[in-house]
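Model the placement of chain Z on the given structure of chain R, informed by the hints.
Here the protein sequences line up with chains R and Z, keeping their order.
Take 46 as the starting number for the first sequence in this note's numbering and just add one per residue.
Take 46 as the starting number for the second sequence in this note's numbering and just add one per residue.
The hints are simulated quantities; they were obtained by calculation from the structure and are not laboratory data.
A couple of the hints might just be wrong.
The list makes no distinction among identical chains, and a pair is therefore deemed to hold if it is satisfied within one copy or across any two copies.
Claimed, not checked - List of simulated lysine-lysine pairs, DSS-like, C-alpha gap at most 25 angstroms: (1) Lys324 with Lys63; (2) Lys89 with Lys368; (3) Lys324 with Lys89; (4) Lys207 with Lys63; (5) Lys64 with Lys300; (6) Lys166 with Lys63; (7) Lys300 with Lys399; (8) Lys103 with Lys67; (9) Lys300 with Lys324; (10) Lys67 with Lys89; (11) Lys281 with Lys166.
Each chain is listed here by its residues.
2 protein chains.
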Amino acid sequence: MTNLPKGFRAGAVAAQIKKNGKPDVALFVSDRDAAAAAVFTTNKVAAAPVLRGREILKTHAGSLRAVLINAGCANACTGDDGLRNAHDSAQTTATELHLADPAQVFTMSTGVIGMQLPMEKLRVGIYGAAQALSEDGLDAAAAAIMTTDVVPKTARIEFADKGWSLAGTAKGSGMIHPNMATMLSVVMTDAVVSPARLRLCLQNAARRSFNRITVDGDTSTNDTLLVLANGASGIKPSREEFEEALTEACVDLAKQVARDGEGATKFITIRITGAASEKQAEVVGRTIATSPLVKTAFYGEDANWGRIVCAAGYSGEDVEPTKMSLWFGGVHVFAFGTPTPYDEAAATRAMSPKDVEVHLDLGLGDAHATVWTCDMSHEYITINGKDRT
Amino acid sequence: MTNLPKGFRAGAVAAQIKKNGKPDVALFVSDRDAAAAAVFTTNKVAAAPVLRGREILKTHAGSLRAVLINAGCANACTGDDGLRNAHDSAQTTATELHLADPAQVFTMSTGVIGMQLPMEKLRVGIYGAAQALSEDGLDAAAAAIMTTDVVPKTARIEFADKGWSLAGTAKGSGMIHPNMATMLSVVMTDAVVSPARLRLCLQNAARRSFNRITVDGDTSTNDTLLVLANGASGIKPSREEFEEALTEACVDLAKQVARDGEGATKFITIRITGAASEKQAEVVGRTIATSPLVKTAFYGEDANWGRIVCAAGYSGEDVEPTKMSLWFGGVHVFAFGTPTPYDEAAATRAMSPKDVEVHLDLGLGDAHATVWTCDMSHEYITINGKDRT
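So here's chain R without its partners, still in its complex pose (with noise of 0.2 angstroms):
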């Protein structure tokens, strides 16, 4: 059981929006009012929540009380009437909590893009979850926001001597760049942040996270990190403290993200070093990690490193061929612009491991940085020829 943190509770219940009968709307609360910081898509369709989400934090950053997410419909692509559907539900959640302005509740929705949220049921699902509030029950709202997803994600992070803790969850499988339309998570804590501060350890947590997996390149209408700190403890860590915690618990989610993407058999763990910065690192680790030549090629257990360092070479990013090298696990396949004699058996079996690691030196600087993404699979398409039915 993943506890919460001090004056956090969580439910959970079936509200019959997936099709197939399994928990669907989750609720979190908070006792008191908690700052809160989130980071959102950058895809220019956004879904009514994540318009909403935005309005919202502009107000009430430091006066969160709920957050309301639903699984089975993305309520993206739904122009008005979505919004209004996406209000009139953080409204009943307001009522249901004895809340006194519906903006202190936020909204998260995943699902099929282009569907009206079914609004009877996310009321009854809304009673229902407000019942299921419990100190325990994390778990069950990680299992109720999965929709591809194969196993629920939960972290939790807890300085038992110091007082406070930090526990979060995570949902996306598909549609992962950071994209099924999405990635959703909530992180919360029961130390003292303020928003701005929360706002800032937020942004750099993000960054080296949530934004180094990728799944498929699809960068949906609806992701959305959300953090909230109540101060129920009543502790206040440094602001290094802080963010390391937060870090540490977004790598934790979103590595277990990429571990679980949509038909992975691989876990595979891309170390770009040598680069001139850590943005250059970050966009050739990333583009490797996005390339379905790629992917599929660890899925095949075909050492085939010629399609790595020609994802780098496409990067955008300005290369130089004759400087890299590259190894996959321990053995180094390519240096310096040409293969090295290695033992075609040993490159094999260092692809043959359920966890995998590509290391690529690019020979020009100190910056480094690590992206983590799954393979590609005959399942994968088979997960999203018919993801709708």
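Structure of chain Z alone, referenced to chain R:
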């Protein structure tokens, strides 16, 4: 049979560079000096023949005589040895054809990245292809440059009344964006065209043809489109007439490449209208065509139009969902930010032919562009999981 323009011959032979023993060395020869222009991959990791080709055209854009192409080995990521091998194969070809200068021989390679060219086999292949040269050799050459291609690709445009013609071939099936390591194409004409005009016309033709197809979003290390004009007809068409014919031939070849995309079961035409600029229309179209989620939905014949609107949203272009409209075949599914009350069965029917068309109007201006791609199937994964074996 696809006839060559006047003064050109082609030949092909099996030199055992491909593991399957099929023809793998092709030679194209002009009986007199030809003007030449080329468009190359933008990948920073450019293969040895690309590096050499760029140099040759600086000095011999008015005096090319032959093109040597091998399939089965890309001669990419091969360092100085690779450059030397590219040069040596041109030298062998020049000697065999009694040419004064090896720089009159353009070389291209396609196949696996990171292997050195098997020079003994290639030398034997050059002798064989030179023996096989004939005015009827285009179809045999088109087959010899194939890698994972299922069908050979040729195009021909003849202006019988005007006395000049144009014919060419292309290969490419994966790593098409415009990327197996490669898209290669050779187009030949007997029209009289200066090197400067040839370069200009080729750039315009490439932009509207090969740069508007995508299979998997991977830009290869070897992509090369070469055009030769030997003037053997004695006819000098106007710039407009020549550019139009060249564009038509390139569009024909490019569409054949997209249709033969690795594992493709459908050919998809994506028409973008109402764009603020042609470039915007191109970028939006290419982003949609590259999305694995869009491509798998077509494979599954699932009218999941939300993925198309979503991809337009993350294209980086300044689009506005409330101005967009989308049609599958003739079925209007999305209008000004909201779903239309369309008939789901009709939308699914619109997905079922082998050739499907999507039309997205951005509602921002008058510019338009059409992009061509294919679906992504289980077979794509099978082909690319074990490409080297």
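Status of the hints after comparison with the structure:
Taking the closest pair of Cα atoms, lysine 324 and lysine 63 never come within 25 angstroms of each other, the shortest separation being 39 angstroms inside a single copy and 40 angstroms across copies. Taking the shortest Cα distances, lysine 89 and lysine 368 sit within 25 angstroms of each other only across copies (12 angstroms), while inside one copy they are farther apart (38 angstroms). Taking the shortest alpha-carbon separations for lysine 324 and lysine 89, both the intra-copy value of 23 angstroms and the inter-copy value of 18 angstroms come in at or below 25 angstroms. Proximity of lysine 207 and lysine 63 under a CA criterion of 25 angstroms is satisfied in neither setting, with 41 angstroms inside one chain copy and 65 angstroms between copies.
Proximity of lysine 64 and lysine 300 under a CA criterion of 25 angstroms is satisfied in neither setting, with 28 angstroms inside one chain copy and 39 angstroms between copies. Taking the closest pair of Cα atoms, lysine 166 and lysine 63 come within 25 angstroms of each other only inside a single copy of the chain (10 angstroms); across copies the shortest separation is 60 angstroms, beyond that limit. Taking CA atoms no more than 25 angstroms apart as the test, lysine 300 paired with lysine 399 passes inside one copy only; the shortest distance there is 14 angstroms, against 39 angstroms between copies. Taking identical chains as interchangeable, the C-alpha atoms of lysine 103 and lysine 67 are never at most 25 angstroms apart, the minima being 34 angstroms within one chain and 65 angstroms between chains.
Taking identical chains as interchangeable, the C-alpha atoms of lysine 300 and lysine 324 lie at most 25 angstroms apart only when both belong to the same chain, with a minimum of 20 angstroms there against 36 angstroms between chains. Taking the shortest Cα distances, lysine 67 and lysine 89 never come within 25 angstroms of each other, neither inside one copy (31 angstroms) nor across copies (48 angstroms). Taking the shortest alpha-carbon separations for lysine 281 and lysine 166, neither the intra-copy value of 41 angstroms nor the inter-copy value of 72 angstroms comes in at or below 25 angstroms.
The earlier numbered hints that this structure contradicts are 1, 4, 5, 8, 10 and 11.
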